[in-house]
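Asks: So you can see what is in the structure, the chains are spelled out below.
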Amino acid sequence: MEYLKLIGIVIIILGFALHFDTLAVVITAALATGLASGMSITHLLSLLGQGFMDNRMVSLFLITLPMIGVVERHGLKQAAVNGISKLKHLSPGKILNLYLAIREITCAFGIALSGQVQFIRPLINPMAQASASVKGALSPKKVDLIKGQSAAIDNIGNFYAQNLFIASSGVLLMSSTMKSLGHAVSPNEIALYSIPVALIAFVLTFYYNMRFDKKLQN
Amino acid sequence: MNTNNILEFFYMLIGLIMLFSSIESFRDKENPARIGTGLFWLILAVIFAFGEAIPSFIVGILVVLIGVLSLFKQVKVGRIKEVDSKVAEKSAKKLGAWLFFPSVVLAILSVSIGQFTSLGGQVGIGIASVVSLIIAIIMTRSSGKTAYHDSERMVRSVGTAGILPQLLATLGVIFTASGIGDLISKSISGIFPVGNHLLGVILYGVAMAVFTMIMGNAFAAFAVITAGIGIPFIVMQGGSPIVVAALGMTCGYCGTLLTPMAANFNSLPVALMEMKDNLGVIKQQIPIAFSLLAIQIVLMYVLAF
Numbered sequence: 001m002e003y004l005k006l007i008g009i010v011i012i013i014l015g016f017a018l019h020f021d022t023l024a025v026v027i028t029a030a031l032a033t034g035l036a037s038g039m040s041i042t043h044l045l046s047l048l049g050q051g052f053m054d055n056r057m058v059s060l061f062l063i064t065l066p067m068i069g070v071v072e073r074h075g076l077k078q079a080a081v082n083g084i085s086k087l088k089h090l091s092p093g094k095i096l097n098l099y100l101a102i103r104e105i106t107c108a109f110g111i112a113l114s115g116q117v118q119f120i121r122p123l124i125n126p127m128a129q130a131s132a133s134v135k136g137a138l139s140p141k142k143v144d145l146i147k148g149q150s151a152a153i154d155n156i157g158n159f160y161a162q163n164l165f166i167a168s169s170g171v172l173l174m175s176s177t178m179k180s181l182g183h184a185v186s187p188n189e190i191a192l193y194s195i196p197v198a199l200i201a202f203v204l205t206f207y208y209n210m211r212f213d214k215k216l217q218n
Numbered sequence: 001m002n003t004n005n006i007l008e009f010f011y012m013l014i015g016l017i018m019l020f021s022s023i024e025s026f027r028d029k030e031n032p033a034r035i036g037t038g039l040f041w042l043i044l045a046v047i048f049a050f051g052e053a054i055p056s057f058i059v060g061i062l063v064v065l066i067g068v069l070s071l072f073k074q075v076k077v078g079r080i081k082e083v084d085s086k087v088a089e090k091s092a093k094k095l096g097a098w099l100f101f102p103s104v105v106l107a108i109l110s111v112s113i114g115q116f117t118s119l120g121g122q123v124g125i126g127i128a129s130v131v132s133l134i135i136a137i138i139m140t141r142s143s144g145k146t147a148y149h150d151s152e153r154m155v156r157s158v159g160t161a162g163i164l165p166q167l168l169a170t171l172g173v174i175f176t177a178s179g180i181g182d183l184i185s186k187s188i189s190g191i192f193p194v195g196n197h198l199l200g201v202i203l204y205g206v207a208m209a210v211f212t213m214i215m216g217n218a219f220a221a222f223a224v225i226t227a228g229i230g231i232p233f234i235v236m237q238g239g240s241p242i243v244v245a246a247l248g249m250t251c252g253y254c255g256t257l258l259t260p261m262a263a264n265f266n267s268l269p270v271a272l273m274e275m276k277d278n279l280g281v282i283k284q285q286i287p288i289a290f291s292l293l294a295i296q297i298v299l300m301y302v303l304a305f
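Residue numbers (the UniProt record's numbering), protein chains in the order written: chain A, 1 to 218; chain B, 1 to 305.
It should be emphasised that the hints constitute simulated quantities derived from the structure, not laboratory data. A few of these clues could be false.
Simulated restraints on C-beta separations [what the hints assert, rightly or not]: (1) A:LEU138 with B:PHE50: 32 to 40 Å; (2) B:LEU279 with A:LYS88: 26 to 34 Å; (3) A:ALA184 with B:ASN264: 28 to 36 Å; (4) A:VAL203 with B:SER189: 33 to 41 Å; (5) B:ILE286 with A:GLN217: 16 to 24 Å; (6) A:HIS43 with B:LYS73: 27 to 35 Å; (7) A:VAL10 with B:ASN4: 49 to 57 Å; (8) B:MET12 with A:ALA184: 34 to 42 Å; (9) A:GLY38 with B:ILE35: 36 to 44 Å; (10) A:GLY38 with B:MET12: 33 to 41 Å; (11) A:LYS135 with B:VAL77: 42 to 50 Å; (12) B:SER143 with A:THR42: 45 to 53 Å; (13) A:THR42 with B:VAL77: 15 to 23 Å.
The model shown is predicted, which means the values in this text are computed figures rather than measured ones. C-beta atoms are modelled at their ideal positions from N, C-alpha and C, and glycine is treated no differently.
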């Protein structure tokens with residue numbers, strides 16, 4: 001019954017898919033896997049504690065938060081908003097391309113913008129819609145397309161650039177996991193090898209945004 | 001003083017910030033789960049600051065306790081003092097782009113310390129964080145008291161999600177110790193030939209994307225798929241572990257772009273902007289997700305071998 005060990009993976013998949021409490025799902029999966037592979041409770045708890053201690057590095061990004069908190073209270077996001085809102089009279093595709101660049105660069109410097117809430121809804125989507133409606137009223141379908149495209153650009157910029165910042169939780173998780181799998185890799189090396197994907201994602205999305213302008217005109 | 005001792009000092013600092021969050025959570029009268037939330041941060045503060053001196057068995061029990069608190073909804077963000085928009089607006093006008101300066105210092109200094117000294121990347125992050133915090137405080141003329149509140153506010157608003165990556169890495173340790181990776185690779189190698197580099201790379205990239213789609217979380221998929229497929233099918237065949245890690249995670253993100261399970265990214269904007277099409281965000285992401293996945297698989301093949 002070696003396959004019983006896979007119960008942990010089943011718990012993870014079902015737990016995440018059914019939106020159960022995430023921390024509880026992960027811990028339950030860990031406990032179930034250990035028990036199914038025949039560990040004693042004491043051994044399992046020791047392993048859990050040791051594993052958690054050995055991976056404290058993954059939470060090292062928390063130490064960057066006080067600085068971000070201080071600059072945020074002094075208007076970090078307002079400064080970004082002021083910069084972006086100067087970009088009037090551009091086509092939707094161009095607005096989105098500039099936002100993509102800003103999102104990738106800030107991500108690379110560890111600045112989490114919570115873009116959907118603070119930029120896409122109040123700023124980027126209205127700006128894109130306004131510039132698209134210069135040539136006439138927009139159909140409800142086109143309005144929805146612009147909203148979807150704006151949200152998509154935030155996700156893409158965020159995902160493919162965040163690994164450029166060595167103190168991001170993703171990079172620390174990769175480095176720590178690779179170490180525990182017996183193939184240690186430093187955060188610096190991961191950030192270095194994340195550069196090609198960040199650039200490719202940028203170029204590809206840039207082109208996609210330019211085509212989006214053409215699509216809106218039809 | 002060796003690197004580990006320095007790193008231990010930074011873990012104590014993290015413990016201290018968590019203690020701030022714990023104190024403020026206990027004091028937050030408007031939070032119905034203030035005791036649980038305060039305990040949550042207190043336990044983490046103790047583990048981070050003094051974990052080295054506590055037997056692993058006890059740390060394990062404390063970790064389970066964190067899970068129990070979270071399971072019974074006893075950890076809530078509570079009331080966090082919002083940034084005063086008037087103060088922020090005024091200061092943004094005055095400081096402008098300089099507000100980004102501490103972040104630039106943080107990124108450049110941490111990479112440089114990791115690259116050019118023997119201290120390593122993690123110590124680099126610690127030192128750079130402290131330096132950039134001091135710069136930010138001087139630049140904005142903050143007092144110690146407001147810096148305290150900025151710290152606890154940030155950590156509390158990150159909440160339980162902030163500790164999830166570390167728990168997922170811990171799950172990876174349990175999986176490894178239980179031989180899950182071996183088991184998966186043994187089962188798959190019955191169907192796919194081990195040793196074919198291209199096939200291994202395709203299998204890993206696609207599995208990362210698909211598992212991320214199912215779970216809605218690339219971090220969770222990473223530990224499982226890298227142990228089961230990335231290591232045996234690519235790294236053990238001579239592939240570079242750096243490339244496997246860096247590109248494996250971003251292949252997972254291609255899955256994130258395609259799944260309604262990633263609610264924060266794909267459903268939240270639908271609700272925020274009152275879109276008519278529930279899948280409107282995902283539909284716009286499909287072309288990018290598929291082309292990036294294909295490109296990354298080729299890139300992984302070229303760079304890893």
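Asks: Each hint: holds or not?
Replies: We went through each hint and held it up to the structure:
1. A:LEU138 with B:PHE50: 32 to 40 Å: violated, 59 Å
2. B:LEU279 with A:LYS88: 26 to 34 Å: holds, 31 Å
3. A:ALA184 with B:ASN264: 28 to 36 Å: holds, 31 Å
4. A:VAL203 with B:SER189: 33 to 41 Å: At 37 Å between Cβs, range holds.
5. B:ILE286 with A:GLN217: 16 to 24 Å: holds, 22 Å
6. A:HIS43 with B:LYS73: 27 to 35 Å: Hint holds: Cβ distance 31 Å, inside 27 to 35 Å.
7. A:VAL10 with B:ASN4: 49 to 57 Å: At 37 Å between Cβs, range violated.
8. B:MET12 with A:ALA184: 34 to 42 Å: 24 Å Cβ-Cβ, so the 34 to 42 Å window is violated.
9. A:GLY38 with B:ILE35: 36 to 44 Å: Distance hint for A:GLY38, B:ILE35 holds at roughly 37 Å.
10. A:GLY38 with B:MET12: 33 to 41 Å: holds, 37 Å
11. A:LYS135 with B:VAL77: 42 to 50 Å: holds, 44 Å
12. B:SER143 with A:THR42: 45 to 53 Å: For B:SER143 and A:THR42 the Cβ distance comes to about 48 Å; the hint holds.
13. A:THR42 with B:VAL77: 15 to 23 Å: violated, 35 Å
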